[in-house]
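Number of protein chains: 2
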Amino acid sequence: MEEESSSRSCQGAGSMKWFVGASQLLGVASVVMTGIWMGHYRGGYAWDGTGQEFNVHPLCMVLGMVFLYGDAIMVYRVFRNESKRSVKILHVVLHFLVLFISIIGIVAVFQFHTANRIPHLYSLHAWCGMLTFVLFITQWLLGFLFFLFPGATGWLRGVYLPLHVFFGLVLFALAVATCLLGTVEKLLFSITDTYSLFVPEGVLANCVGLVVVAYGAVVGYVVTRDDYRRPPHPEEEALSVHFKTLTEGGAPSPE
Amino acid sequence: MEEESSSRSCQGAGSMKWFVGASQLLGVASVVMTGIWMGHYRGGYAWDGTGQEFNVHPLCMVLGMVFLYGDAIMVYRVFRNESKRSVKILHVVLHFLVLFISIIGIVAVFQFHTANRIPHLYSLHAWCGMLTFVLFITQWLLGFLFFLFPGATGWLRGVYLPLHVFFGLVLFALAVATCLLGTVEKLLFSITDTYSLFVPEGVLANCVGLVVVAYGAVVGYVVTRDDYRRPPHPEEEALSVHFKTLTEGGAPSPE
Numbered sequence: 001m002e003e004e005s006s007s008r009s010c011q012g013a014g015s016m017k018w019f020v021g022a023s024q025l026l027g028v029a030s031v032v033m034t035g036i037w038m039g040h041y042r043g044g045y046a047w048d049g050t051g052q053e054f055n056v057h058p059l060c061m062v063l064g065m066v067f068l069y070g071d072a073i074m075v076y077r078v079f080r081n082e083s084k085r086s087v088k089i090l091h092v093v094l095h096f097l098v099l100f101i102s103i104i105g106i107v108a109v110f111q112f113h114t115a116n117r118i119p120h121l122y123s124l125h126a127w128c129g130m131l132t133f134v135l136f137i138t139q140w141l142l143g144f145l146f147f148l149f150p151g152a153t154g155w156l157r158g159v160y161l162p163l164h165v166f167f168g169l170v171l172f173a174l175a176v177a178t179c180l181l182g183t184v185e186k187l188l189f190s191i192t193d194t195y196s197l198f199v200p201e202g203v204l205a206n207c208v209g210l211v212v213v214a215y216g217a218v219v220g221y222v223v224t225r226d227d228y229r230r231p232p233h234p235e236e237e238a239l240s241v242h243f244k245t246l247t248e249g250g251a252p253s254p255e
Numbered sequence: 001m002e003e004e005s006s007s008r009s010c011q012g013a014g015s016m017k018w019f020v021g022a023s024q025l026l027g028v029a030s031v032v033m034t035g036i037w038m039g040h041y042r043g044g045y046a047w048d049g050t051g052q053e054f055n056v057h058p059l060c061m062v063l064g065m066v067f068l069y070g071d072a073i074m075v076y077r078v079f080r081n082e083s084k085r086s087v088k089i090l091h092v093v094l095h096f097l098v099l100f101i102s103i104i105g106i107v108a109v110f111q112f113h114t115a116n117r118i119p120h121l122y123s124l125h126a127w128c129g130m131l132t133f134v135l136f137i138t139q140w141l142l143g144f145l146f147f148l149f150p151g152a153t154g155w156l157r158g159v160y161l162p163l164h165v166f167f168g169l170v171l172f173a174l175a176v177a178t179c180l181l182g183t184v185e186k187l188l189f190s191i192t193d194t195y196s197l198f199v200p201e202g203v204l205a206n207c208v209g210l211v212v213v214a215y216g217a218v219v220g221y222v223v224t225r226d227d228y229r230r231p232p233h234p235e236e237e238a239l240s241v242h243f244k245t246l247t248e249g250g251a252p253s254p255e
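Protein sequence lines correspond, in order, to chains A and B. In terms of the working numbering, the first sequence has 246 at position 246, counting the first letter as 1, and numbering is strictly consecutive. In terms of the working numbering, the second sequence has 143 at position 143, counting the first letter as 1, and numbering is strictly consecutive.
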């Protein structure tokens with residue numbers, strides 16, 4: 001069973017690199033296109049409470065909560081042949097980077113609102129964004145407690161792992177949706193009268209939205225396709241606690 | 001192995017009913033709240049090219065592309081003990097209903113735009129919506145060809161099934177995101193100056209968005225949790241072609 005699963009995983013690895021490559025092209029494109037939108041059409045960047053400080057917000061959120069978040073959840077598949085410990089550390093570090101960049105982006109928009117006497121957190125974009133961010137931090141802390149602190153038992157880890165994976169993907173989808181909401185909000189505030197005339201800024205921003213959706217879909221495919229799963233590594237299996245074997249009598253979980 | 005999987009499936013069934021119940025409450029709430037938003041705050045419904053005809057659009061799309069679409073993809077889990085053929089027919093019929101209601105909703109917004117000389121398909125909401133709808137029809141037709149027409153071989157069905165499941169979920173997520181985009185667009189067109197003042201209409205519409213997100217998350221959980229999977233039915237297994245056994249040597253797929 002293990003040999004068969006391992007051989008199937010090796011077959012899968014061949015096509016995975018194309019999907020991962022495509023995801024990176026889409027991810028970089030979404031960040032560059034957001035950079036151009038804010039840099040070229042919205043007056044560039046600053047840290048002074050003006051609209052230029054606001055412009056830091058979309059760039060940071062697309063870079064952090066979309067591109068790097070997607071990469072962070074793909075590492076178990078992309079580095080499926082590296083040691084589990086190294087991949088786990090990369091997973092945590094990338095999520096920390098997401099958190100750091102997102103905080104800069106969130107501070108930028110709060111300072112912009114305060115400086116311009118705009119109420120905070122009234123829109124659906126803001127509600128979805130704060131929900132995503134608070135749950136993201138909760139998920140990060142729980143992941144840290146369950147999988148990096150030595151205190152958690154194998155049984156607890158085994159129970160929490162599927163929830164961690166599920167909520168990780170749901171929050172990623174919510175981050176993508178929140179990014180789309182922010183795009184529409186910004187367009188309707190900035191080019192209210194010309195958006196419906198297919199002006200270049202509107203078309204560019206719509207394309208940012210589609211690229212972000214495509215990135216999300218490709219990441220989703222890579223992390224859910226069965227034969228891209230990390231194959232069992234015999235030396236790690238021998239060292240680690242076999243949750244499923246102990247609790248359910250099934251095969252050990254490869255992730 | 002089959003017995004063990006079957007006993008695990010029975011354990012899972014106990015909690016599934018709570019999640020399915022919660023999903024139905026959230027789904028009905030999202031439709032009712034959208035109905036109140038359009039009925040009470042936006043002047044009700046008509047079919048005359050005015051804003052009242054537009055109001056048919058959100059109601060149809062939330063009912064069709066969100067609530068019924070979610071129910072349609074849950075049927076294999078909810079009716080896991082019914083015959084596969086009956087569940088398959090229910091799955092197709094519900095999707096047909098989604099298509100029918102969505103077409104009414106889409107015609108409503110096109111007629112409203114034409115009557116009021118508003119350009120069609122310029123916004124990110126429209127782009128995402130059309131993308132979702134065209135892919136939804138494609139997926140429906142492919143599903144019909146592969147799984148209901150007798151021409152498709154077991155091997156072809158086995159290859160297409162994981163793609164059908166993956167794209168079904170991605171399109172559902174995109175439908176939820178498109179609904180959020182529509183909510184924000186409508187708010188920024190209707191209550192431009194008062195949205196930031198937390199007026200009741202804005203708060204209600206934001207809540208519609210959150211309820212839709214919660215519905216999407218619960219549906220996603222029910223259709224991806226491993227032990228909610230349809231258990232193997234021996235009499236069907238004996239009759240059907242075992243794709244995986246024939247092609248890969250693994251256990252037959254339960255769905």
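To be clear, the hints were calculated from the coordinates, so they are not data collected in a lab. Some hints here could point you the wrong way.
All copies of an identical chain are treated as equivalent in the list; a pair is satisfied when it fits inside any one copy or across any two copies.
[Unchecked claim] Calculated pairs, SDA-like style, for lysine to any residue (alpha carbon to alpha carbon, straight line, at most 25 angstroms):
{"hint": "1", "residue 1": "K186", "residue 2": "W155"}
{"hint": "2", "residue 1": "K186", "residue 2": "V203"}
{"hint": "3", "residue 1": "K17", "residue 2": "F110"}
{"hint": "4", "residue 1": "K17", "residue 2": "A29"}
{"hint": "5", "residue 1": "K88", "residue 2": "L197"}
{"hint": "6", "residue 1": "K84", "residue 2": "E201"}
{"hint": "7", "residue 1": "K88", "residue 2": "P200"}
{"hint": "8", "residue 1": "K186", "residue 2": "G21"}
{"hint": "9", "residue 1": "K17", "residue 2": "V159"}
{"hint": "10", "residue 1": "K186", "residue 2": "T224"}
Against the structure, the hints come out as follows:
With identical chains, the CA atoms of K186 and W155 are never at most 25 angstroms apart, being 46 angstroms at best within one copy and 48 angstroms at best between copies. In the homo-oligomer, the alpha carbons of K186 and V203 lie at most 25 angstroms apart both inside one protomer (13 angstroms) and across protomers (19 angstroms), since each shortest distance falls under that limit. For the identical chains of this complex, K17 and F110 are neighbours neither inside a copy (39 angstroms) nor across copies (42 angstroms), given an alpha-carbon limit of 25 angstroms. For a Cα distance limit of 25 angstroms, the shortest separation of K17 from A29 inside one copy, 18 angstroms, qualifies, whereas the shortest one across copies, 43 angstroms, does not.
Taking identical chains as interchangeable, the C-alpha atoms of K88 and L197 are never at most 25 angstroms apart, the minima being 48 angstroms within one chain and 44 angstroms between chains. Proximity of K84 to E201 under the C-alpha cut-off of 25 angstroms is found in neither arrangement, the shortest distances being 44 angstroms within a copy and 50 angstroms between copies. Within a single copy, K88 and P200 get their C-alpha atoms no closer than 42 angstroms, and across copies no closer than 45 angstroms, so neither meets the 25 angstroms cut-off. When the C-alpha separation of K186 and G21 is checked against a cutoff of 25 angstroms, the pair qualifies neither within a copy, at 30 angstroms, nor between copies, at 37 angstroms.
With identical chains, the CA atoms of K17 and V159 are at most 25 angstroms apart between copies only, with a shortest distance of 20 angstroms across copies and 31 angstroms within one. In this assembly of identical chains, K186 and T224 lie within 25 angstroms of each other by CA distance neither inside one copy nor across copies; the values are 33 angstroms within and 34 angstroms between.
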